[in-house]
Structures are given as C-alpha cells and as structure tokens.
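Novice: Going by our numbering, the sequence shown runs without a break in its numbering and finishes at 301.
Watch out, some of these pointers could steer you wrong.
[Stated by the list, open to error] Okay, derived cross-link-like pairs now, DSBU-like style, lysine-lysine, Cα gap no bigger than 30 Å in a straight line:
(1) 57 / 137
(2) 57 / 98
(3) 231 / 177
(4) 159 / 137
(5) 177 / 137
(6) 273 / 231
(7) 70 / 177
(8) 177 / 273
(9) 98 / 137
(10) 70 / 98
(11) 98 / 159
(12) 57 / 70
(13) 159 / 70
(14) 98 / 51
(15) 70 / 51
[Claimed, not checked] Simulated restraints, written as ranges between beta carbons of each label pair:
(16) 140 / 242: 28 to 36 Å
(17) 131 / 93: 17 to 25 Å
(18) 91 / 132: 50 to 58 Å
(19) 93 / 273: 42 to 50 Å
Just so you know, the hints here were simulated from the structure itself, not pulled from any lab data. Please read these numbers as outputs of a predicted model, since none were measured by experiment. Ideal placement from N, C-alpha and C gives every residue a C-beta, glycine not left out.
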Amino acid sequence: MTENNPLFREPEEPEPRVSLPASSDRDLEELSITRWPSLLPDVPETSALRKVGQRLKNNQRTNLSEDARKAAAALQVEPERAALLVTEQTNGVSLLSKVAVPGGSLYVIECQAWTRMLFPLYQPRIAALSLAVQPPKLLDDRDASGPLAQARCEFDSPKDLADLVRETVTNTLRVPKADYSASILQRGVSEPLLVILVRITFANGAPSRVLPVVVDGISRLSSAAKTRTGKTDAGAADAVVEDLLRDPTSLRRAVREEVAQYNAAYHRGLTDKVVRVGQAATVPVRLVVGARNGDTLEVNP
Numbered sequence: 001m002t003e004n005n006p007l008f009r010e011p012e013e014p015e016p017r018v019s020l021p022a023s024s025d026r027d028l029e030e031l032s033i034t035r036w037p038s039l040l041p042d043v044p045e046t047s048a049l050r051k052v053g054q055r056l057k058n059n060q061r062t063n064l065s066e067d068a069r070k071a072a073a074a075l076q077v078e079p080e081r082a083a084l085l086v087t088e089q090t091n092g093v094s095l096l097s098k099v100a101v102p103g104g105s106l107y108v109i110e111c112q113a114w115t116r117m118l119f120p121l122y123q124p125r126i127a128a129l130s131l132a133v134q135p136p137k138l139l140d141d142r143d144a145s146g147p148l149a150q151a152r153c154e155f156d157s158p159k160d161l162a163d164l165v166r167e168t169v170t171n172t173l174r175v176p177k178a179d180y181s182a183s184i185l186q187r188g189v190s191e192p193l194l195v196i197l198v199r200i201t202f203a204n205g206a207p208s209r210v211l212p213v214v215v216d217g218i219s220r221l222s223s224a225a226k227t228r229t230g231k232t233d234a235g236a237a238d239a240v241v242e243d244l245l246r247d248p249t250s251l252r253r254a255v256r257e258e259v260a261q262y263n264a265a266y267h268r269g270l271t272d273k274v275v276r277v278g279q280a281a282t283v284p285v286r287l288v289v290g291a292r293n294g295d296t297l298e299v300n301p
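Between the sequences and the hints, there should be enough to build the whole structure, so can you do that?
Specialist: And the structure:
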C-alpha cells in the first residue's frame, strides 16, 4: 500500500449533514458524517454463542474459565466469525492474533462487540483525582491447572463497583481532549479497544461475576456511551452503570430491543437518534483469550 493508494478511501460524494441537539456543543450547528451508519445485525441466539464458548474451550492456545468463556461469547456481534477465529486448524496455524508482552505472549480475537456489554474500571487519565472508590488492583486469576488469561479483583460491594464505574466514565469525559463523542458521531469508533475478562468478587458476599473490561480505550468507550445516549457526561455514566447492574439476560434483552427499534427507525430515514445509535452500538475490540509463558495481567493503579 502506497501513500497515494490508500486501502480505504473516504466517499467522494457530498457528505450528508445531521443536526446536533441543543444539549450538544452550541458552537457546532451541524456535523459532517464521513461514514454512514448501517443496519445492525440481530443480537445472536444463544446457540451461536455456545459454539464460540466451546471453540474457546477446545483451543490449546486459550485459557479462560468457563464463565469467562461465556462472557467472551456473549459480547460477540458476529459469533460465527469469532468461532472461526478460535477454531483449532488442522494444519496447526492459529487464527488468533499474537501480542508480545513482557514475559510472554497474549492471544487475542479481533472482533466486533456490543458496546453496552463492555465496562471500564481503572483509568490512568484520572489517576490524580480523588475518587470516592479507589480502583482495586487487577491481579492474575488462576484455576487448578495454573494461570488464566483473565484477571480478578475485589470490591467491598456491588455499589462500590457501580460508583467507581460511574466516576470513571464521568471524569474521563471531563479530561481535556478525551471526549471523542463528536468524532464518533461522524464516523463511529475505528480503533479497537483492548478488552480482558475480569472476575469481580465482593467482600460483602454478593455473587461474583465476570465482566469484559476495557483496559485500553476507556475514552473511546465512554465517548461511545455519550454518543449513543445523547446525554450529558453524567447521564452517559448513569446509562453505563444501569447496564452494569443488569443481569446478563436482562442486558441482552435490552440490547436486542434497542437494535430492533434502531433497524425499524433506520428504514424510515436517518434522524439524530438513529445516527447516534448506529455509530456507537458496536465497537471493534481486541479481546484477550489466551496467555502463555509467564504472562501477567497485573495492573497497579
């Protein structure tokens, strides 16, 4: 690929316009859309997700717990593609992407995820702020066979988890140049987010859970929530926390309803709300599913 022959070209036809609502930056009266939103695929059926989980289990390069495999499968927009990527090939060639890290390698799936199924925890950009809930350390998780390609951390209670996520999203969007919502409204999210599976436990005895956690790309994730909802910084954070507190079945149902409403509205023509959901309902991710040779997922805030 040469400089004069880019792989992807911007459309040459005149750019469509979409008006921003009054709650947006008053200095911007209109915004050029450089990538049109399209129809969204239906939220996959459980049978398609089970195939992803089973292929993850069978691949010798992946090492996730059963509930982490389920969480990895649940966020897939295109489960058939994800299942293909994690399928062991007869010729021994791996379709997983390999990322070198100190001490070893990580194996990742490069895929498309439902934005509402991803969550932030620790945000280095706001480390200097005094937060009501201090971010816990992300430590290696393991089972009887050894270390897993996932992390673990503990909160005092689910409320503390919700409070930290709310503060993380709100304060991230308030960091100078960290709010990309206007850019996402123009063309969606193009750069992948790095996602790991994290087992969350609670000191008060509440049931543990596994969350897909964004460790690189929290600004993009927070901005996508603001774009999709069309709300203020605090309103976008509340929307993320509302999804965080849903059980997996309820969250999947909510995403399915939003997709169905979006696709029906899309056929009637582009509106501000349609563009917002279309540009931010899904994001590209690099999902860690394997770790080898002494890799560690420890992150010290």
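Novice: With reference to the structure, classify each hint as holding or not holding.
Specialist: Right, here's what the structure says about each hint:
no., hint, result
1, 57 / 137, "holds, 27 Å"
2, 57 / 98, "holds, 18 Å"
3, 231 / 177, "holds, 18 Å"
4, 159 / 137, "holds, 18 Å"
5, 177 / 137, "holds, 27 Å"
6, 273 / 231, "holds, 11 Å"
7, 70 / 177, "violated, 35 Å"
8, 177 / 273, "holds, 24 Å"
9, 98 / 137, "holds, 25 Å"
10, 70 / 98, "holds, 22 Å"
11, 98 / 159, "violated, 36 Å"
12, 57 / 70, "holds, 10 Å"
13, 159 / 70, "holds, 24 Å"
14, 98 / 51, "holds, 22 Å"
15, 70 / 51, "holds, 10 Å"
16, 140 / 242: 28 to 36 Å, "holds, 30 Å"
17, 131 / 93: 17 to 25 Å, "violated, 45 Å"
18, 91 / 132: 50 to 58 Å, "holds, 53 Å"
19, 93 / 273: 42 to 50 Å, "holds, 44 Å"
Comparing the model with each earlier hint shows violations of hints 7, 11 and 17; every other hint is respected.
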